[in-house]
Amino acid sequence: MITKIKLEMIKAGTVGLNLVYTFFKLLPARKKVTMLSRQSNTPSDEFRMIKKGINLRDESVKVVFLCHTLDGGVNSSFGDKIKYGFHMLTQMFHIATSKVLILDSYCIVVSILNHKKDLKIIQMWHSMGTMKKFGYTALDTNEGSKSELAHVMKMHRNYDYVFASAESYKEHLAQGFDCGIEKILTMPLPRLDLLNSEKYGQKVRNRIYQAYPELKEKPLILYCPTFRKEEEDFLQALKSLTCAVNYDKFNFVVKLHPLSKAEVEGPAISADSFTSFEMLFVADYMISDYSCIVYEAAVRNIPLYFYNFDMDLYSDGRGLALDYEKEVPGPISKDAREIITAIETKEYDLDALKRYADKYVTPVKHATKDIVDFVFTLINE
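Note that the numbering used here numbers the sequence shown so that position 178 is 178, with each residue one more than the last.
Everything labelled a hint here was simulated from the structure, so no lab data went into it.
No false leads were slipped in.
Pair ranges (Cβ atoms, derived): (1) H366 to E8: 47 to 53 Å; (2) E325 to F227: 21 to 27 Å; (3) F227 to F23: 38 to 44 Å; (4) D248 to Y209: 16 to 22 Å; (5) H87 to Y209: 36 to 42 Å; (6) H366 to E230: 41 to 47 Å.
Built from N, CA and C at the ideal position, the CB exists for glycine as well.
Construct all of the structure, not just a fragment, from the sequences and the given hints.
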């Protein structure tokens with residue numbers, strides 16, 4: 001629960017930070033692009049791809065990565081808040097002295113501060129598409145933010161542009177970020193280049209097969225469930241699915257969300273050394289539910305199966321951003337055995353899968369270059 005005292009403290013902190021930021025803004029802006037993330041403590045492959053593209057074009061452009069998680073947000077520990085507070089000062093310096101700012105998640109100082117007019121801010125959201133409601137469309141749900149907190153934290157404010165993977169994704173993003181649809185640009189994420197790269201795919205496959213040679217022996221079913229704050233029902237569903245797989249015919253890899261407390265039990269494989277994204281390059285089938293990784297799997301032409309064991313609870317608790325049963329391209333079932341049986345029949349509408357992929361991810365061949373080109377138009381304004 002967000003108390004009045006906590007809200008007033010946040011308001012006072014916002015005023016204080018803007019006062020400090022006033023002095024940072026006296027510094028001149030440089031030919032610099034700053035990239036911010038709360039997704040991890042290290043730059044993503046996509047951030048690195050954009051940096052490489054920028055520096056290949058113009059080595060004089062400075063690119064700064066500022067990646068720092070804050071698990072729990074306002075509910076994080078006091079020590080983590082102090083550490084992140086010092087990190088925010090670093091963010092403020094680089095933001096004030098940059099021409100372009102790119103972020104892939106919500107960032108406190110981006111939203112609550114009053115920035116220079118010539119700073120351009122791009123929200124390059126970390127998801128290829130939407131399945132679940134988020135941001136302003138998920139306010140006051142079990143897994144969303146509280147309205148009063150979103151208001152006082154000015155959640156998702158100050159963006160000049162928001163990147164969308166396709167036209168069909170724009171309305172979802174505009175509602176989630178509570179912004180005008182004119183700010184949404186069709187600009188697929190750089191990972192699309194990786195999904196389409198045979199060289200990258202072969203490199204990843206070699207690494208995976210070296211670590212798990214047994215994965216080459218049988219078709220691989222990849223299970224990528226979305227994260228649930230309450231996991232009691234999920235644990236039973238995971239067990240049911242694990243027991244339903246015929247391990248004489250299939251390998252079964254489970255990639256849990258990083259925040260999940262569940263454990264993968266044998267003979268299923270967790271493949272902890274590799275990400276869900278990397279496992280797409282060895283998967284023959286994917287089972288998911290409401291996770292946006294299904295869009296990336298669709299681009300890879302991997303048959304999709306939807307294990308929606310808690311559909312009623314999940315849709316009531318948070319809500320889905322699309323007409324689920326109408327839109328998703330593969331079999332849907334709450335029963336684990338039915339999902340595995342559907343895979344075993346090997347009957348699948350690959351044309352429907354292709355239409356789904358193209359609808360939600362514009363099939364461009366140079367996603368990173370398009371983003372780099374756009375960034376340079378902003379640098380040179």
